[in-house]
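Number of protein chains: 2
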Amino acid sequence: MAERLIYLPLGGAGEIGMNAYVYGYGQPGKERLILVDLGVTFGDMEGSPGIDLIMPDITWLEQNRHRLEAIFVTHGHEDHIGAIGHLWGRLDAPIYARRFTGTLVRLKMEEYGLPAEAVNIVAPRPEVTQVGPFSVQYVPISHSIPESSALIIDTPAGRIVHTGDFKTDVTPVLGDAFDPVGLSEIAAEGDGVKVLACDSTNIFSTHPGRSEAVLATPILEWVMAQPNMVVATTFASNVARLKTLADAARASGRKVCLLGRAMRRMVGVAFDSGVLKDFPDTIGPEEAAKLPRNKVLLLVTGSQGERRAASAQLSRGRYLGLSLKEGDSFLFSSKTIPGNEKSVGRIMNALSEAGVEVYDADDGLYHVSGHANRPDIEAVHDLLKPRIVIPMHGEHLHLREHMLLARAKGMTSEIVTNGKMLDLTGDRPKVVDHVETGRLYLDGNQLIGSMDGVVRDRIRLALNGHAMVSVIVDEDDKVLPDAWVELMGLPDKTRAGGDLARHVESELSEFLERADARTVRDDGKMDEAIRKITRQVAMEEIGKKPEVTVIISRLMAD
Amino acid sequence: MAERLIYLPLGGAGEIGMNAYVYGYGQPGKERLILVDLGVTFGDMEGSPGIDLIMPDITWLEQNRHRLEAIFVTHGHEDHIGAIGHLWGRLDAPIYARRFTGTLVRLKMEEYGLPAEAVNIVAPRPEVTQVGPFSVQYVPISHSIPESSALIIDTPAGRIVHTGDFKTDVTPVLGDAFDPVGLSEIAAEGDGVKVLACDSTNIFSTHPGRSEAVLATPILEWVMAQPNMVVATTFASNVARLKTLADAARASGRKVCLLGRAMRRMVGVAFDSGVLKDFPDTIGPEEAAKLPRNKVLLLVTGSQGERRAASAQLSRGRYLGLSLKEGDSFLFSSKTIPGNEKSVGRIMNALSEAGVEVYDADDGLYHVSGHANRPDIEAVHDLLKPRIVIPMHGEHLHLREHMLLARAKGMTSEIVTNGKMLDLTGDRPKVVDHVETGRLYLDGNQLIGSMDGVVRDRIRLALNGHAMVSVIVDEDDKVLPDAWVELMGLPDKTRAGGDLARHVESELSEFLERADARTVRDDGKMDEAIRKITRQVAMEEIGKKPEVTVIISRLMAD
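Which chain is which? The protein sequence lines are W and X, in order. Anchor point for the first sequence: position 232 equals 232 in the working numbering, and the numbering is continuous, going up by one each time. Anchor point for the second sequence: position 358 equals 358 in the working numbering, and the numbering is continuous, going up by one each time.
Just so you know, the hints here were simulated from the structure itself, not pulled from any lab data. A couple of the hints might just be wrong.
Pairs of lysine to any residue residues, derived as SDA-like cross-links and limited to a Cα-Cα distance of at most 20 Å, are as follows [unchecked claim]: (1) W:K544 <-> X:R307; (2) X:K493 <-> W:D452; (3) X:K335 <-> W:T217; (4) X:K30 <-> X:E436; (5) X:K342 <-> W:K532; (6) X:K430 <-> X:G26; (7) X:K295 <-> X:R307; (8) X:K409 <-> X:P208; (9) X:K342 <-> W:T417; (10) W:K342 <-> X:S205; (11) W:K342 <-> X:D474; (12) X:K545 <-> W:Q446; (13) W:K544 <-> X:M45; (14) X:K545 <-> X:D457; (15) W:K478 <-> W:T417; (16) W:K532 <-> X:K525; (17) W:K544 <-> X:Y112; (18) W:K420 <-> W:R4; (19) W:K544 <-> X:D457; (20) W:K342 <-> X:K342; (21) W:K545 <-> X:D457; (22) W:K525 <-> W:Q536; (23) W:K342 <-> X:S450; (24) W:K525 <-> W:R554; (25) W:K295 <-> W:L322; (26) X:K545 <-> W:L442; (27) X:K335 <-> W:T206; (28) X:K430 <-> W:T206; (29) W:K478 <-> W:K525; (30) W:K478 <-> X:P208; (31) W:K342 <-> X:G345; (32) X:K545 <-> W:P338.
Between beta-carbon pairs, the in silico distance windows are [as the list claims (entries may be wrong)]: (33) W:M451 <-> X:A225: 40 to 50 Å; (34) X:T217 <-> W:D492: 28 to 38 Å; (35) X:A116 <-> W:E436: 29 to 39 Å; (36) W:D523 <-> X:P481: 46 to 56 Å; (37) X:N445 <-> W:D92: 52 to 62 Å; (38) X:R502 <-> W:D452: 17 to 27 Å; (39) W:H207 <-> X:A225: 19 to 29 Å; (40) W:R495 <-> X:G29: 30 to 40 Å.
Every residue gets a Cβ at the ideal spot worked out from N, C-alpha and C, and that includes glycine.
Same shape as in the complex, but just chain W (with noise of 0.2 Å):
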């Protein structure tokens, strides 16, 4: 049978998180293939209570561990390594990365007791490297971190360029900056690049992107012009933004303070691997807490409003020996990532309270994207002349605008989204098979299904309040009088106001006098007869039907 060559997502397409992206080649369903990224997306309260990590189902690929070549990873964001440490035992393959992202990596496998070793260091292009019938480049490229990198993928059906995130910064402060020469080599070697999978983040954005670079100046007078305490917060991983800022202290005479485990990690690898080579000295919250106020710069986590980060602790009050007062000034350097606004409000209007002069970025002084907006994409399009465009990194929106722009400038281009498994062997891609995927959910220690029914079950008992029923069936067959009743999450009052648990007990005890033999001897009767009634009588009480649990225990005769 003749090779193909296969693409196929198992997270990242058709939502912003959980990167994960085969791809394949050799005859079908013997295809050798690699990996591209394993990361996580992040947990809420309203999809799935209770869950920390959200990351790719990745059955299909265990079941065909035994020809996963590889895995690359292109930087060391979560949503693109944060998988590594849970899902790396299922897959077992060697890791590439360079030497940053690498460094991350490892601290992730060491974390989980796995192999440091695994995560093979790897230069960027020329440095190629050859697994089964993939020769693989790293092509520096700009991001919110150091060292993010698009991968050429060279396949004997054609060159793939998989951009990993990107924008478009020619001077990105500090690590890769984007490098249009290079591109347009990349294009002008051998056939060209058939296939282009390309960050599609900020397809909706109409203007250019802007440069890390132009944050200096205004982050700089900002600085020089607060009278107090300074804080400032932004990803940890952004390292160039953490060097605006600590430059800014520096040079407006304010000692810099990292708070926040993932602050000063960061900020330690950056230098180990060599991408931070000039940072001034920090003091320790002790140190900041004895200098005076206007000359100090608190570079601190949690700019998404994570409720145990630094920010919201200094918001509730004092943390590690410091605490804001009136006249302090809090920076936002950050953006909301939607479905945090609540969080960062809560935060924002704490600091408030408490005096605390609190900015954000929303005019764009003191915050740029790490993603490529539309024209930068274009430009992308342009530099490498791919035949093919498969926009990725994207809810379906933002795929099928780019897809649409791809079509418009007369390439060939197709949303996949997740599972489905895209030939791209010809000129024409397409899907050729569906793959089972979904998400993996970390509760705890313990790795279970979105779909498995425990999330589901959360969810309704906490919009619906638990009733647990327990009732003692005797040796004969014989009801005991006395139903229990629980409540949990549930008003305790009946309308009229008496005890709502009470007077499910005496409803409930009614039934099981009356209830036939029949009935009691059968456990499935039972419990559907006592859960509708305790859901009866709380919809008459109280408006609304609780979860029922119902426990019947059987004595035995001795």
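Fit chain X to the supplied structure of chain W, relying on the hints for placement.
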């Protein structure tokens, strides 16, 4: 004792939503009172799962209802009238409103079996409503609903202007235009304006607000450019927007079909009360389904992503015989309220999957805000020339910014959040009391306090899952050997792949067999020990500690 003028927000000050502002005049503790507005805010899964509506805790006002002269309603938005049906019975005071607003309030009263005749319809200034020491006039002002009004509240201690929600729109398409000359007349009468209680929602928007009228051309051009079915959603209460959209339909040869109960009701009330005079004839969904797709415009509810509204239903497939297809167009002529981003995004992506072109108002072409921006607020300051500005209708951040603005302009200003009683008698307002306030949750048909623990328990159930343990103690205080464990919202497997519930049972049985008589006789000790073991075992096996409910049944000798 000298008489005094007081201001006491019970809701809406320190939050956007559930507006309820009390003014009083008289001897301290004996002031005669009026209430301005009585609104709701909406619950969400994160903070209040299972709760549909949240309203201010008016306990203080209920205790002082003998002093309450009247309730004045500024306009018909739910955050200003939504609690009337639920709370009016506790206050039993006459309600005043203009015709359109009053009609909406009367419908609410009827819906809850309350006397619609308690609602008095008043005309705008110069009509004066005299209640106790207050002379109240309605001042037409523009907003995103017809007939929004500011109130002039004249008291022996001076004139208050309470803006309600407003924008400074001189061409509002429909309803009252902003009237700067009228405002300056209000300032010129008598001693002028002592206190301005003023909307703060858009204090952070630095450009002048835009008129509703600027949307007509872009919306018409947009509708005309669409090849197939057109759907548009906005708040049903934004009757001016409905008219703009419907006029665009008519001008482009499309019939208008209203989908969603609120949409039909609002148009009806607008007609009946005379604020809407010219609106195209509408057709029903059956007729819409029969017409060519390019001859129809659906005006639908659900611009905020509400699950049961028409937008959501259409995004999920067929609704009332209508379904959307490749090439149809869907316009969100609305701003997404913070917190609703994910719900709105879900609908947009579902539409995108169906091939529908989705348009939002991000570029400003298809939506304008209903609130005054910072320069507009300044214009109102300048026209009314108040001596004291009280920022209201805003989160703490907004109130603080508005206060700083007012002070910078030389006026006296204080942040007054819910529950603070401000004495406004003299030149310098001062907080003279703190009143217990809070939130009431509508749960099913009951109103429960937000701090009652019911919702806190639900959140715990959702985050942690629920383990129920049933234990039976016999007539001789001997524990029957089998504990029964039921789990809900928890993974069901142990680390080793066994059944978690059975595993907890066997661990509990071990304890129960060894438990001494004193423990067994003591419900409290049993409960504590069983809870502890259950949580410990779960922690070991699944890495999380569930909520635990223990039911101990004690058999009695016959």
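Exercise. Against which earlier hints does the structure fall short, listed by number upward?
Worked result: The structure conflicts with hints 3, 5, 7, 11, 15, 16, 28, 30, 32, 34, 35 and 36, although it agrees with all the remaining ones.
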